[in-house]
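Protein chains: 6
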Amino acid sequence: MTETKKQLIGNLKVGSEVETQVLVVEANLANYSSPNRAGEQFWRLVLGDISGTIRGIIWDVDILEEPLKEGDILYVKGDVSEYHGLQIVIREARKLDPDRINRRLFQPVSKRDIPGMLKELKEIITNHVDDPFLLKLLRDFFSDRDFVKKFAGSPAAKTIHHNYIGGLLEHTLEVVSFCLKFKEMYPDQIRADLLVTGAILHDVGKIEEYDAESFNFEMTDKGKLIGHICLGKEMLNERISAIEGFPPSLKLELEHIILSHHGQREWGSPEIPKTIHAFAVFYADLLSARLNQFVSVMQKNAFAESDWSEWDRYLDRSIYLKKS
Amino acid sequence: MTETKKQLIGNLKVGSEVETQVLVVEANLANYSSPNRAGEQFWRLVLGDISGTIRGIIWDVDILEEPLKEGDILYVKGDVSEYHGLQIVIREARKLDPDRINRRLFQPVSKRDIPGMLKELKEIITNHVDDPFLLKLLRDFFSDRDFVKKFAGSPAAKTIHHNYIGGLLEHTLEVVSFCLKFKEMYPDQIRADLLVTGAILHDVGKIEEYDAESFNFEMTDKGKLIGHICLGKEMLNERISAIEGFPPSLKLELEHIILSHHGQREWGSPEIPKTIHAFAVFYADLLSARLNQFVSVMQKNAFAESDWSEWDRYLDRSIYLKKS
Amino acid sequence: MTETKKQLIGNLKVGSEVETQVLVVEANLANYSSPNRAGEQFWRLVLGDISGTIRGIIWDVDILEEPLKEGDILYVKGDVSEYHGLQIVIREARKLDPDRINRRLFQPVSKRDIPGMLKELKEIITNHVDDPFLLKLLRDFFSDRDFVKKFAGSPAAKTIHHNYIGGLLEHTLEVVSFCLKFKEMYPDQIRADLLVTGAILHDVGKIEEYDAESFNFEMTDKGKLIGHICLGKEMLNERISAIEGFPPSLKLELEHIILSHHGQREWGSPEIPKTIHAFAVFYADLLSARLNQFVSVMQKNAFAESDWSEWDRYLDRSIYLKKS
Amino acid sequence: MTETKKQLIGNLKVGSEVETQVLVVEANLANYSSPNRAGEQFWRLVLGDISGTIRGIIWDVDILEEPLKEGDILYVKGDVSEYHGLQIVIREARKLDPDRINRRLFQPVSKRDIPGMLKELKEIITNHVDDPFLLKLLRDFFSDRDFVKKFAGSPAAKTIHHNYIGGLLEHTLEVVSFCLKFKEMYPDQIRADLLVTGAILHDVGKIEEYDAESFNFEMTDKGKLIGHICLGKEMLNERISAIEGFPPSLKLELEHIILSHHGQREWGSPEIPKTIHAFAVFYADLLSARLNQFVSVMQKNAFAESDWSEWDRYLDRSIYLKKS
Amino acid sequence: MTETKKQLIGNLKVGSEVETQVLVVEANLANYSSPNRAGEQFWRLVLGDISGTIRGIIWDVDILEEPLKEGDILYVKGDVSEYHGLQIVIREARKLDPDRINRRLFQPVSKRDIPGMLKELKEIITNHVDDPFLLKLLRDFFSDRDFVKKFAGSPAAKTIHHNYIGGLLEHTLEVVSFCLKFKEMYPDQIRADLLVTGAILHDVGKIEEYDAESFNFEMTDKGKLIGHICLGKEMLNERISAIEGFPPSLKLELEHIILSHHGQREWGSPEIPKTIHAFAVFYADLLSARLNQFVSVMQKNAFAESDWSEWDRYLDRSIYLKKS
Amino acid sequence: MTETKKQLIGNLKVGSEVETQVLVVEANLANYSSPNRAGEQFWRLVLGDISGTIRGIIWDVDILEEPLKEGDILYVKGDVSEYHGLQIVIREARKLDPDRINRRLFQPVSKRDIPGMLKELKEIITNHVDDPFLLKLLRDFFSDRDFVKKFAGSPAAKTIHHNYIGGLLEHTLEVVSFCLKFKEMYPDQIRADLLVTGAILHDVGKIEEYDAESFNFEMTDKGKLIGHICLGKEMLNERISAIEGFPPSLKLELEHIILSHHGQREWGSPEIPKTIHAFAVFYADLLSARLNQFVSVMQKNAFAESDWSEWDRYLDRSIYLKKS
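Chains as they are written, first to last, in this note's numbering: chain A, 12 to 335; chain B, 12 to 335; chain C, 12 to 335; chain D, 12 to 335; chain E, 12 to 335; chain F, 12 to 335.
Simulated from the structure, these hints should not be mistaken for lab results. There could be a bad hint or two in this list.
Because identical chains share one entry, a pair is satisfied inside a single copy or across any pair of copies.
With a cut-off of at most 27 Å between alpha-carbon atoms, the simulated DSS-like pairs for lysine-lysine come out as follows [unchecked claim]:
no. : residue 1 : residue 2
1   : K160      : K130
2   : K169      : K24
3   : K262      : K235
4   : K233      : K262
5   : K133      : K311
6   : K192      : K334
7   : K262      : K160
8   : K235      : K194
9   : K122      : K311
10  : K262      : K334
11  : K130      : K233
12  : K233      : K194
13  : K194      : K133
14  : K262      : K24
15  : K192      : K311
16  : K147      : K334
17  : K311      : K80
18  : K194      : K333
19  : K130      : K192
20  : K192      : K122
21  : K24       : K160
22  : K80       : K233
23  : K17       : K169
24  : K262      : K333
Take the sequences, apply the hints, and build the full model.
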């Protein structure tokens, strides 16, 4: 890990000196307007970390060895002043190697413990999945270290719900948990091992939908052109084709669960749920996402003075925060 | 109880004699077409019980003391013949007193035990509702015998889900059960006593929406002109106004839960859910209704030969029944 | 009434001195950017009255005894300068008691005479409502001074139509007037007393939907969580329950008129109009609102040079103003 | 007029003889099924008049001189029997000349007096239209006997509202009447002569949309391919081009009123109303149509026993008929 | 091929004898209604071939060796009579082996020559696809006899367009032809080899969506649960994974073309077209389908007497057939 | 032509002198904020030409003889400086006569040769239109110099597709070209002369929809109140009424093509296409517009660094630009 110091942007104050790491959120070269510097340029920046964003200025472009671009991580040294809000006037700056950075300073992360969640997931598999083919399929996924690393490090969405590292894992556990509840209610119609397997795998395509390297959960080209639903089905097909004798009927059920888990065509599923297992995963997914989304708005407004939250465009409403 | 025998319509066979009780589903006086009986009339009927419907004919109108109308319960005696399907040619018929009938022969009923469900509901109240005002409110409802009788005898819907006696109670318990699950997931944001109270009361208006006397769960005039959402709020307001000192903020939360529990305006809620408790009840209600609806289609097609169910117009799909 | 002078914001000019009352529309504490005042703050304000808004600056926070907040009414003294448009540099300021303010300086008001409109409403009641129960109900409402004060002081909407003091009264008279026209056309199908009563009461819930104290017609918590439709039904139910022998069929008709007067579920009515009286009130309401909305856009653009109004987002169009 | 007798279909009874005029609503040649008549045919008919429809049978095709087709008017003689409802077994039949038929026996007609309505329309023109060009335009239309005959004989719609002879005239007067009401409310924004002219002419295209000869208000090819909105504009353009000096600005306003009077694109208007006059005609048209539609359902169900009408697919509801 | 004679159903006449092959479209066992045969049963059938359908009766169930079911092909002998339309009273019947049947008697087939179309397709590949990987991919598909047989024997849809054997091939050629037209218009933006490859492969999944054995183009379970879009992608992935060094960027483009070719999510595409090649295939597909659909309705009504076609529910209109 | 020099805005650099012609895109009089110039004003402008826009300042309003307004063309002389981007500080300015300006400096123009396109159109008429009435109709249009000038100088749309001079002509040729392709595919159902005539005339109304004088393709009042669809029909009707004996059936077909060419009511067509010719023109129009729109976004982003275009609000997507 790089050992430069880290001051959180949210804690900066006018008049203080600053020396920290920052993510370059926006970078523009601007022209000096004063006649005596005509033709010369400076950097107008927006800088960020997990605690917020701030504007930055580099008056002297020559302090940098190479041009800046969005997504760079910088070490900077300078002073905090005020100009339509706070800004850092930067005196020293250099690019840092992204692989030697503590990502948690720049990306939000689940409040739940990631290894603990992985353990919980494995116990669920052990307790609920007896069918040898389903069990083999899940073990093939979860004994693949590269897969597990990506799965555990992925958010469940870019902005709407579970949008933090570990979010995919946390969301998956919630979906499984709702599914087990449904199994309890309708034991005769639902097959636990199949439902749990579908619930665990429904969103695996997300690990290829978001760019693991990006500090901003950017979508990959594949994510935009194929989407996690079909990427997930492709991953499933590859694993299944490596398991001899995997029953075609189980393959069909699992493919259908993944394809239909958005519930409606206009929400991106090419088919709607036509089995009880697909129907159950769809509703469990919806529920986990929507509750997390509502509670996130509550948390974001927890210290606001108003009884009403800011308008939330995903929920399309302002929510009432007053405790009765 | 009337002691006349009951043969289920679904069991009748061509050529057999029949003596049973039936519900008059349709009743039309028709004109004889043969010239020798010009001017005379006969009854063309559709008769039903819980097992299905059958056509009926009364060639001699004089065997009845008074005209028939839909909703009557008859004792009939006759022979089963075939004419575009089965029909009963009725030789003897007389009206029965609906109050002396075993309704279960004519109305479907929950598979769960009704007193048992009531007991479960009361235990939930005891275990989860501490607030004295909420407790008093629930006890006022559930110590009112007339209310309890109607609540326990009501369906949750006419056709779509939980459409049987006890259905409202069964549905209510499911909604409460999902709500307790949500509370587990978000203990800091959710207040159990308020959520449980809202879940229990969200559909109370349904006892005035369906006609308790009707064998066919007909909607009342109030049901069609006011709807169970606003009827429920009116019932709530009446009970609350009888409790001195009931906190206005709790009243507001409960009213909002009832009003918004359909989640969207186009689904009949005049306001959308703007509190976590209202949001939770909406999703719990949706989930209970939708799963029950899907499973009902599975059960209805359980003995069909095809791997696919009949088209279901409420789910807008045919469902895949094959076990993998 | 406070006797400080009032200069309308719309009349202010650069370079002049100003001494007047203003409403605080926005209030932000900003940080000085000049190094010699580092750590000090000043007020950046938006100030308003019925004639428009203007920016305001208070460089010296100490001239105020307590912090400002939105909704305050201030007495201010200062100079009008220009900085991206006009602004007042405030030298003296103090809060005023909102109850001692002439609200008409801050809130738009109907062009029609309010007592005159109330008189007209009472004559309509006398001329068209014979039924003793309906008459009693209306008299109970309109002999309650507190109700009448709120009813006469309320707008019919926050932004779209009749959005001024007296607007609700003006709108109500228009709805009644259309209803009487319908009665003329369909005398056999429509009952005048019922229709007039429904028309008068259809929007009573609005007096609890908007905050009477707020200078900006803010919605109350009840307004946002219950809505004027259900608030209106609740007010109706309370008045009716105090009238012995009020016929249930009339109660049902009036409740239905109030609930269904938005005409469609997606427009906020939990039920659609199913009686001729409810259907008539819905269309009278729609007509009054829509015409007022269109004419308001015409008036707002009356002195514009263009033949076309600005785009109006509620009408979703620009309107053609040229006289032929 | 043909002097054959007329018995209304709605009054026929089993066993009676019948001799009357009927409209052929459906005509099918059917094959005898009995082996001894193999290869022979008979007519299966549906016959109608203003009071309803009845099935008809002509066993001997030779009693007719030429084949039947839908839309023919027949003189028939026969007997009323019953076979899945009433039917006439026809012994004698011959085609009648449609021009010598009393159309009122076959087409519904406005309850209002047609010459009286025309007179009222002319008085409105005299009282409200001063502008010489608008006056000339209206007089050109209404002094054209052929136009007036068609206008007075046309329905305003095929099935939904004012669907009877004189319906277009009746509807036009209602639209004018609402428009005058709007003028009263907004005298400064509305110009009476223009609005009245637009209201009178808004639906003139309907005289080419429905086939005047058809007993069933069939749409013409033009009606289906061009529609009354654009046909009306074409008729307007032709009349205006014959008036020297007609102001282009008035032409534009009138064209816009006709084109936009359905209010929204999805309702068939290529442009939405962008002038107060077009906006007013749209709402007056909507109101006249919708109230007539609702009241028609009431009238059709006036003698029904139920408190609720049959489901009406145009209103998409069943309506509550009980008088309170 | 079975050598029994074939008389087309559309040519049958009352009174004639019939001896032919028929498809069992519906099969129901019915009960005799006459008391003397109480308990006995007979077959009520609907029979079909490419020329239409007819009802059939088998009074004596014992003439069959095994029960009938939908989809069977029968040899039948009997007489044509009339009973609510024509029906065959069957005296002799036996099941035929579906594999020995001339399918063209039961399934419609393209008017274009299938080998000729295949040849055309191969020439297009030769002329327009230079890239070695794309060429290899196409050759792998089209040198696989089993694939070619299915591809050439498949319809493009069950009911809406190109719904006949060879329809998929005919449709594919039309899509390619439109695509080449687009390439002509936008040579700089479009890459011919990629576009042609995408056009040829866009619907390959249809060979697994429809059941090749079924006489009625029934959908397979995979067709209903996965859909031809994702089945097509799976087939593509399998072929590509067998080609060493296939460029990932070409794979991505082709996958995107297949996934997005329905153009919108609500039409079943999980992603919308985001490359010019995917956009072009979407519009070429739409155009081919829609024109074929419109022309089919014209052909079906070619000999009708009316100037207007029957209502077509897929086009949601009746079309004007008159030649000008 | 005015002989003042033209420097393209897109080429201006900080610090250089400028002397050129510019279009006034926005013009605002602003107040000086410095106390010593209180009450004085200056011009804040946005100036444009075909290469882009730039801000402009005129400190001394007296250098102009008359006030500026949007749409003016100015000769200006001044210096380019930087203030939140580039701006011209103008020292000299005078209005130019718009008729003496080279419009191509201010309006984009088709890349195809306009006379060449006109010639192509005439050859198409000669080659494909035999019917004497259709031929006469087209010749009447295209021998009218005023019409041809407007037709050739018009864009096909303001912003979405073919939004440049000559765009209407280019679009018309594309539509004709697609139509000829359709004729090839369905020679028996399509009549070439009628289809080609409809394709050529489908958008003629656009020459009255856009203001030929405006540098910004502003819509005319007629364009906004009537729309090009009905304006086109009016132009057609006028031409046809001048041709003796023009067959009504051809008139009806052509009117229907023009009216229905937007395909759906919500897209502005008062009727949907009900003939094969109207259906074909609708799809040809859609295709030409949509492909042009997609390719325009590609061209606009041709030199961008990103693999993805900016979000395009008309296509409602960002497009993938990477070449594979």
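The hints, checked one at a time:
no.	hint	result
1	K160 to K130	within (14 Å within a copy, 48 Å between copies)
2	K169 to K24	neither (30 Å within a copy, 39 Å between copies)
3	K262 to K235	both (26 Å within a copy, 14 Å between copies)
4	K233 to K262	both (23 Å within a copy, 11 Å between copies)
5	K133 to K311	neither (32 Å within a copy, 37 Å between copies)
6	K192 to K334	between (29 Å within a copy, 21 Å between copies)
7	K262 to K160	both (25 Å within a copy, 26 Å between copies)
8	K235 to K194	between (34 Å within a copy, 25 Å between copies)
9	K122 to K311	within (15 Å within a copy, 44 Å between copies)
10	K262 to K334	between (48 Å within a copy, 13 Å between copies)
11	K130 to K233	neither (30 Å within a copy, 35 Å between copies)
12	K233 to K194	between (35 Å within a copy, 25 Å between copies)
13	K194 to K133	both (19 Å within a copy, 25 Å between copies)
14	K262 to K24	neither (58 Å within a copy, 44 Å between copies)
15	K192 to K311	between (29 Å within a copy, 23 Å between copies)
16	K147 to K334	between (49 Å within a copy, 20 Å between copies)
17	K311 to K80	between (30 Å within a copy, 22 Å between copies)
18	K194 to K333	between (36 Å within a copy, 18 Å between copies)
19	K130 to K192	both (20 Å within a copy, 21 Å between copies)
20	K192 to K122	both (24 Å within a copy, 19 Å between copies)
21	K24 to K160	neither (38 Å within a copy, 50 Å between copies)
22	K80 to K233	within (23 Å within a copy, 47 Å between copies)
23	K17 to K169	within (25 Å within a copy, 48 Å between copies)
24	K262 to K333	between (49 Å within a copy, 13 Å between copies)
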